[in-house]
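Colleague: If you read the sequences in order, they're chains A and B.
The first sequence begins at 1 in my numbering and counts up by one.
The second sequence begins at 1 in my numbering and counts up by one.
No lab work stands behind these hints, which were simulated from the structure alone.
Any given hint could be a false lead.
Claimed, not checked - Taking lysine to aspartate or glutamate pairs in the EDC-like style, the calculated list, with each CA pair at most 16 Å apart, reads:
#: 1; chain 1: A; residue 1: Lys188; chain 2: A; residue 2: Asp257
#: 2; chain 1: B; residue 1: Lys59; chain 2: B; residue 2: Glu88
#: 3; chain 1: A; residue 1: Lys162; chain 2: A; residue 2: Asp200
#: 4; chain 1: B; residue 1: Lys246; chain 2: A; residue 2: Asp197
#: 5; chain 1: B; residue 1: Lys246; chain 2: A; residue 2: Asp200
#: 6; chain 1: A; residue 1: Lys188; chain 2: A; residue 2: Glu145
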Amino acid sequence: MARIIVVTSGKGGVGKTTTSAAIAMGLAKRGHKTAVIDFDVGLRNLDLIMGCERRVVYDFVNVINGEASLNQALIRDKNCNQLYILPASQTRDKDALTLEGVGRVLEELSRDFQYIVCDSPAGIEKGAYLALYYADDAFVVTNPEVSSVRDSDRMLGILASKSRRAEQNEDPVKEYLLLTRYDPSRVKSGEMLGLDDVQDILSLQLLGIIPESKSVLSASNAGIPVILDEKSEAGQAYEDVVARYLGEDRPLRFIDDKRGFFRKLFGGRS
Amino acid sequence: MTTSSSVLEFKSSTFFSPTLILYSNDLAAIEQSLQDKINRAPDFFKNSPLIIDLRDLNKSGLDISVIEVADMLRKIGMFPIGVRGGNEQQDKQAHKLSIPVDAGRENDSITATSAAASRKESGAQALEQDSAENNEFKNPSSSAGSIESISKPPEPARSMLVTQPVRSGQRIYARGDLIVMSQVSAGAEIMAEGNIHVYNTLRGRALAGVQGNTAARIFCLDLQAELISISGDYKTSEHLTEQIQKRPVQVYLQDHALIIKEIA
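Produce the entire structure from the sequences given, and follow the hints as far as they go.
Modeller: Below, the structure written as structure tokens:
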């Protein structure tokens, strides 16, 4: 049986798709057969981040409607043969997804995958609800600012009451916090919420802090999950996240402002 | 009295009504005796609501038809509004006449049953996930009393215990007291007909005594609430002074004013 992970946030633009791509790649690189599904029907992005947009023939909605088999729609990643992508449809909307349809696809995937990563759309509407409904684990992606924290809190409430596990009175969905776009220097100057401020409100198990990094944008543009950029801080931070999720103990990195005196003086950015 | 947007409102209320205790099943004698009393104080009994009490009669093993009694009472200008202490047959007759039946507990008047009626739903507590936008500060539950429910004694309100965090957008409604062991996030709403205890940080809205219990209180270890209310009287975070913010406090009502006091 596969473990189903939902990457969710409520708010848009916080890094859900970047995170989905990175952790799916991280799990697959460690030899776990992993599928990553784009639930953002109508605003498909995951295929771009994964660099497989030109190989999309069939999509998630085709599979749900029985117009294509799962094997026809799944795209094998070019960097890792343990990773498969199920892209969203760009020409449909969220109503094309049904609870039973999603359940069927996840069940079929569960038979020969170890991890299924569900990349949730923003918002709390149908797409986000279907992405989290079958989840075993939830990665709550949050930026260190008040509106993002508030939206994550709302999402946690929905996970606790509307997920399949909640409805069937099973063990609750395991919730993890992923703090992204963290800028230690701005935290220090008080412009950004710190880890403690966020945890004060959310009190979740912290899976990692991803520092704000230029490498994220360039990796997205290149269509390569940032976790493969081993030199970048963001890539290393995602590597830590995957390791912690799999039970390894790793110290927190990239939370201190380590810019040198001169760089601070001249406003250089790492 | 209603707000401009709503057509009606349910409220529990208490009223007094004379009870007619029968010791004899001689209808003619009863009528004669009643007429005498009415003649002595015509205004007092004119159009008076009346509860027919058959307990003593049944204890003595005397039978009487509720239909006949009710007919007679209506004829002389009274309104039978309830029957108590009747046997099965008499309760059925009362039902036929649409007269509520009180199962009859000792030392209790039928007036208390209007509260029982509002507790008719068997699920004593409701936890619902809903948008926090519906700000009903009073009477969020709408429950109607029916004839049947009047015969039920009020269930004692149980307290409700919540151990999970109450997240933004979640709503919790307790018919009795509400005890929350975890934090209540901003954008969450907790409501109780009784007291509210939060043994953690309270950042959302907390409304105690929502059915009008002015003696209800709110207790919390760390007050950062968006809004606190007791029996409809409320304060928003704007009006919470610095001295009591982020401290353990209790909130209660005194002469329609919310008093917030630090718990030493």
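Colleague: Against each hint, give a clear statement of whether it holds in the structure.
Modeller: Status of each hint after checking the structure:
Straight-line distance between C-alpha atoms of A:Lys188 and A:Asp257 comes to about 8 Å, which keeps the hinted pair within the 16 Å bound. Taking the CA atoms of B:Lys59 and B:Glu88, the gap is near 14 Å; set against the 16 Å cutoff, the hint holds. Annotation: proposed proximity of A:Lys162 to A:Asp200 is violated, straight-line Cα distance about 24 Å (limit 16 Å). For the given pair, B:Lys246 sits about 14 Å from A:Asp197 by alpha-carbon distance, which is consistent with the 16 Å threshold.
The straight-line distance between the Cα atoms of B:Lys246 and A:Asp200 is roughly 13 Å, inside the 16 Å bound, and the hint therefore holds. Note on A:Lys188 and A:Glu145: the hinted pairing holds, with a Cα-Cα distance of about 14 Å set against a maximum of 16 Å.
Of the numbered hints listed earlier, the single one contradicted by the structure is hint 3.
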